[in-house]
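Protein chains: 2
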Amino acid sequence: MSDSKSLNDYRVIGTRPVRGDGEDKVRGKAQFAEDFRLGNMLYGKILRSNHAHARIVSIDTSRAISRPGVRAVVTGEDFPVIPHKMVSMGEAGLADQRDISDNCMAKDKVLYDGHALAAVAADSAHDAEEALKLIDVAYELLPPVMNVRAAMADGATVVHESFLPGSFVIPTEKHLPNATRIQIEDGSVEKGFAQADLVVERVITSETAHQGYIERHATTVEWGSNGEVTVWTSTQGPFEIRDNIADVLQIPVGKIKVVPLEVGGAFGGKDRTYLDPVAALLSRKSGRPVQMSMRRDEVLRATGPTSGTQIKAKIGARSDGSITAAELELAYEAGAYAGSPVFLAMVAATTRYNIPNVRMNGFDVIVNKPKTRPYRAPGGPPVVFAVEQILDEIARTLGIDPIDLRIKNLTRTGDRLVLGFPCPSIDTEGLLRTVKAHDHYSSPLKGPNTGRGFAYAMWFNLGGISSARIAVNADGSVQLVTASPDMSGTRMTLAMQAAEALGIPVEKITSRCADSDSIGFSAPTIGSRTTYATGIVVCNAAQGVLKQMAARAAVLWEVAQEDIIYSGGIFRNRMRDEQQMTFEALSGRLYETGGPITVHETFSPKGFVPAATAHLVDVAVDPETGKVNILRYTAFQDVGKAVHPDYVEGQVQGAAAQGIGMALNEEYFYDESGHLRNASLLDYRMPTALDLPMIDAVICESPNPAHPFGVRGCGEASIIPPAAALANAIHDAVGVRLSSMPMAPHKVCQSIREKTGALGSHIARRVD
Amino acid sequence: MSDSKSLNDYRVIGTRPVRGDGEDKVRGKAQFAEDFRLGNMLYGKILRSNHAHARIVSIDTSRAISRPGVRAVVTGEDFPVIPHKMVSMGEAGLADQRDISDNCMAKDKVLYDGHALAAVAADSAHDAEEALKLIDVAYELLPPVMNVRAAMADGATVVHESFLPGSFVIPTEKHLPNATRIQIEDGSVEKGFAQADLVVERVITSETAHQGYIERHATTVEWGSNGEVTVWTSTQGPFEIRDNIADVLQIPVGKIKVVPLEVGGAFGGKDRTYLDPVAALLSRKSGRPVQMSMRRDEVLRATGPTSGTQIKAKIGARSDGSITAAELELAYEAGAYAGSPVFLAMVAATTRYNIPNVRMNGFDVIVNKPKTRPYRAPGGPPVVFAVEQILDEIARTLGIDPIDLRIKNLTRTGDRLVLGFPCPSIDTEGLLRTVKAHDHYSSPLKGPNTGRGFAYAMWFNLGGISSARIAVNADGSVQLVTASPDMSGTRMTLAMQAAEALGIPVEKITSRCADSDSIGFSAPTIGSRTTYATGIVVCNAAQGVLKQMAARAAVLWEVAQEDIIYSGGIFRNRMRDEQQMTFEALSGRLYETGGPITVHETFSPKGFVPAATAHLVDVAVDPETGKVNILRYTAFQDVGKAVHPDYVEGQVQGAAAQGIGMALNEEYFYDESGHLRNASLLDYRMPTALDLPMIDAVICESPNPAHPFGVRGCGEASIIPPAAALANAIHDAVGVRLSSMPMAPHKVCQSIREKTGALGSHIARRVD
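Top to bottom, those sequences are chains A and B.
Take the first sequence: its position 552, counting from 1, is numbered 579 in the numbering used here, and each next residue is one higher.
Take the second sequence: its position 251, counting from 1, is numbered 278 in the numbering used here, and each next residue is one higher.
Just so you know, these hints were derived from the structure itself, not from any lab.
Just to be clear, a hint being listed does not mean it is correct.
Intra- or inter-copy, both count: the list cannot distinguish identical chains.
Stated by the list, open to error - Below are the DMTMM-like pairs computed for lysine to aspartate or glutamate, each with C-alpha atoms no more than 25 Å apart in a straight line:
{"no.": "1", "residue 1": "K473", "residue 2": "D87"}
{"no.": "2", "residue 1": "K463", "residue 2": "E156"}
{"no.": "3", "residue 1": "K782", "residue 2": "D154"}
{"no.": "4", "residue 1": "K574", "residue 2": "D154"}
{"no.": "5", "residue 1": "K774", "residue 2": "D347"}
{"no.": "6", "residue 1": "K56", "residue 2": "E255"}
{"no.": "7", "residue 1": "K463", "residue 2": "E242"}
{"no.": "8", "residue 1": "K339", "residue 2": "E456"}
{"no.": "9", "residue 1": "K312", "residue 2": "E104"}
{"no.": "10", "residue 1": "K435", "residue 2": "D347"}
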């Protein structure tokens, strides 16, 4: 039916068409969740706890409900009482439905600064805000537990009397008072360390950081008289949000329709519900649609940042550089409810190296902070920060080139991974040889206190279930519809795959994302999966379209369908050479041969797709202020076939920029009573354009055999190496190793002081 | 796989669940097209011609565009110039794209009172209305052509110098100056009339009448920077409107998404575009979304009422009552552009009788009135008004019971229809015997000037392409989505079919109508087709779901799929009796066996489905005022299996009510210069609740073998007989035959005067 072609013989894949959503976004015309309007709509606002840990003695809403303009008030008592129960989020794992409900609205206890206590719907946002001040809450304060060390200490305050452990793929055990333990063991680390000539051990910590999406959370919910609930919101996963809402409100899934609007940034933080069930209950009480949106401080205090951690890592190597053993203990904050990314961190920790003896203990630790949510390659940066610094130290100590050390120990296609299955196809050595051959690696450093760092990481992109529908119109135009919200240009990258598969120009295709009623079930846009996994489903649907069109041509030419061949955008009758029709011409004959064609496909590619990334960074450290200036940054990533190279570069650059922010500046500052002290973008210090260098993205393309065009996905991996690469560069520049993320100026200064016993100005020269 | 059951062995079909959309509509919460809001939205208004026929010399919009608050102005010059070209509307026939464009906005000429000339978008509807007054138009007036007699007269003014004939299934010829002719001939009418003992000939006329839907036309259109056009509107056919807009604006179909909102009445009048392309151009010019809605006078002046007609009918019968020949000449107004329902009227004229010799000439006649559109059984009432009066006259003259006369000549299953194909299965005789046996037929009439009338009609319901999607969720709830806008409770009647086919309670199903991007192509909700034709597709999709669920059960029980049986809502392993799972329990296992199930089906049942209806009416005529009071009304209709008997009765009652309005009161009054003089619901006299009796609906159920549950469709047929039945009842009451619809009081008075040569008061007794 279709052409056979070599990997690089593409018409559309690999080109750079302009994406359709750009101009509306630049002009401010795109409809984001806060722009959405319904007639007769109310505005909802949430009263939040100022205490990190307290028992709720009473909530009196009587003064608020009496205020003019107020139409409804809800508290935890308006929510159905539900038991602890793990509910499936499909590819997005499992979650305890009670935790999801309690995180939307506190019931007996508040568990973090910013925890929702009550909500008001009123004629205006101002009326609602004012009414919040009239709600009287009495608390019984409890001691807050603010990090993994305090939470796991003997005699620590217990945050939950009972809870279900977070969702992990392998067996877990409770580790009281506030943690769950999971263990991975392969070989014997005792034997491995006995074989080592050099053993390096480090303990690192990292702080809570937020995804920092520009668009704040917002939703509009209408609860119809017939019990049908419609939700217009910003989300990575309309189906996941729908299932969340059904679980929290205990109503049938089929009654809920979630309409995903444009997403103004998410990075993992918009796949779980916060406002929607609250707005739903306010709508049911008031009989009117209710819109709710968070202020920036609410986003920072009460959505899902990534974990603060403590990681102990110990690695042994022979003097030839071969690694014999690795032992890690990873403690990841889950926030106020179980479920950190510690298991993903354990997978990311050492799988890129072929280490015969590995033991890892992971702890999922409950603390009095907001419930963590995924943040781009969740859990990866801190553990790689620990391990890649140790590898840098081993290379320096043994006098081996740091890239050669990695190549020596590299996991290659088919090598057995620590989880027991063989590594799927990927050219990891080709990636590292590209780094080594790159001009950046050999160019000289200039100036005082400059240094170069390198780090390497591997990540496993998700597959999972997706749906796609392709419709062919009588004028030859085509609609492609999926359920994958577009966070990075995927409407275009999916359209490009459809165009390639259909043999038509991409301009003929309109690509949109549907609501949860309007397409088959799909996993969220997470795990770098959309262009890869949804892409496969799009290609399948395109094949279905071509098959049906061939059948129509067969009807018109009165031959068997097998005699129709399609190539170069032209249907041909194999029996009569002169009978030919373009895709467009045949489209014009659809009405007379059975109507326009629509093909719907749902499919779930199995397993994971490896992605590899290596970063090189040059820095100049100011020893007086501790400020780290990035002089040059090159990010190498194997993305499989790059569908739209501009967007791939954008993903690599964006991920690296976030990794740099996490590495150098971003962190939550909690005071001793558990109040978040920097809940604004002025004080929560994300890198600005002035803080960042040009990030050169070098795209490597070892094809993924699981995808028809070799696509791997590219969204996450490059957030992992920056912290490790920068730590290694700082060491190269000023001879100190940082053990804490972010490597903020005061920590850099402190490390230099500890090393030299002197003020920074005394070492105003290159330290080696 | 599924149960085998007899026709009446249903769990859900035939019950009367409460429809989901009712409460929101009663409470005013349902979102109709005028309720829809977008941020930054403008309001558009249209300047309309006050002349029925004129050449546009110039339009000066400069003063309007300068008015504060005005954001864009468009005229015919802003529309693409397009050639005459017949474009397919799928099952909805063909249309000339140039006519569709010209009807949205006049280019060189205005062709009817109310024809759009220019449009303004402004910050408020008031600003837009005021700006219309600042548009200066210069006309060259032309003589208007206001009915079929004037239009077809020698020397008549030519409305269109060139035009394509309306869409007919069989060959047509132009019949200058303003008409197209189609002819149906079967046997020899000359021979047939020669065999007749009695020949009756009548000429009738009927006037333009409007569907009278309560919801006025409204639309909101956003033209995105990327050229994607989204339309939120009230329509019977989102795909047809989409294709209309693409043709008028000459943009790719794939760029347009039409979101159908709740429909507040349509009856055939909301399947073609009026405001949408105008709003689209205003949106493109202003860069903002534009909402447009019509005032009531605009709806009456410038949308699509049904045709005024003139029909000559001549029927011959032997003295035993057998009809030997029928000859008809039907002239139907098309309005300002070609395409009246004359062909449908020809099909409806005599097919219910098995007449050996038939000749019909149909004329599609262009006049200076708004372009007609379908109105519930389009074209049927006037021609049946003519034919059934003649049959009443034949029965009276020959002294044969009027029902026996019909039974003698009845078309039965398999009889050859005038179009050449055999009549599909239907128990027409059973219907007429039900009427004859009914208490109404034999009960005595009481009081002076009372009479009883009977009429019988047959209509052919459409099949056509539909799409449906069924999704099964993990909690056992189910979504059913179709592209068929719900004008009569079809969300429920389709859900009931899905519930029956799936073996689950209907309460488990949420049923919705999708936008044009969110489901496969479908023909509009027209031709009584949705519960029948879309219903078949729903049943097919349900079978697909059960097949996939059986496969999941087979996976769980590790047996072959063939060993899974499903009955009574329970999946069973045929090999091990104890292995059983309910539909709901198996739904809960979907995540672990491949994810939730979604099945999408598109299918087009071929051919037409006969529907038969017979009405009995008792009247009292006030000879002084001519007012016809309805004393008792019984409508008998064969609907096949009645899915939801309440809604079927509602359809029969609603159709009869509209037929009564058309029969007794409703008509457009044009003055000599072509101005519509009654463009308001005060002056355009639809029946109110006080005008109508209780209409008893008697449902007959001869199953349709083309549908799995025997459904025929029921929406249209009962609008046809009322005028004929009332005419026969008036004759029975006061001895006069009315030759003009509506049979308004002044015409009844006039007829009585002509008959008696006296004032009405002189005949204040029962005339026979």
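Structure-based check of all given hints:
1. K473 to D87: neither (66 Å within a copy, 71 Å between copies)
2. K463 to E156: neither (58 Å within a copy, 71 Å between copies)
3. K782 to D154: neither (57 Å within a copy, 75 Å between copies)
4. K574 to D154: Classified as neither: same-chain Cα gap 59 Å, cross-chain 54 Å, threshold 25 Å.
5. K774 to D347: Classified as neither; 34 Å inside a copy, 112 Å across copies.
6. K56 to E255: between (29 Å within a copy, 13 Å between copies)
7. K463 to E242: neither (39 Å within a copy, 71 Å between copies)
8. K339 to E456: neither (28 Å within a copy, 90 Å between copies)
9. K312 to E104: The answer is within: 13 Å in one copy meets 25 Å, while 51 Å across copies does not.
10. K435 to D347: Result: close within a single copy only, 9 Å intra versus 107 Å inter.
In the structure shown, a violation is registered for the earlier hints numbered 1, 2, 3, 4, 5, 7 and 8, in ascending order.
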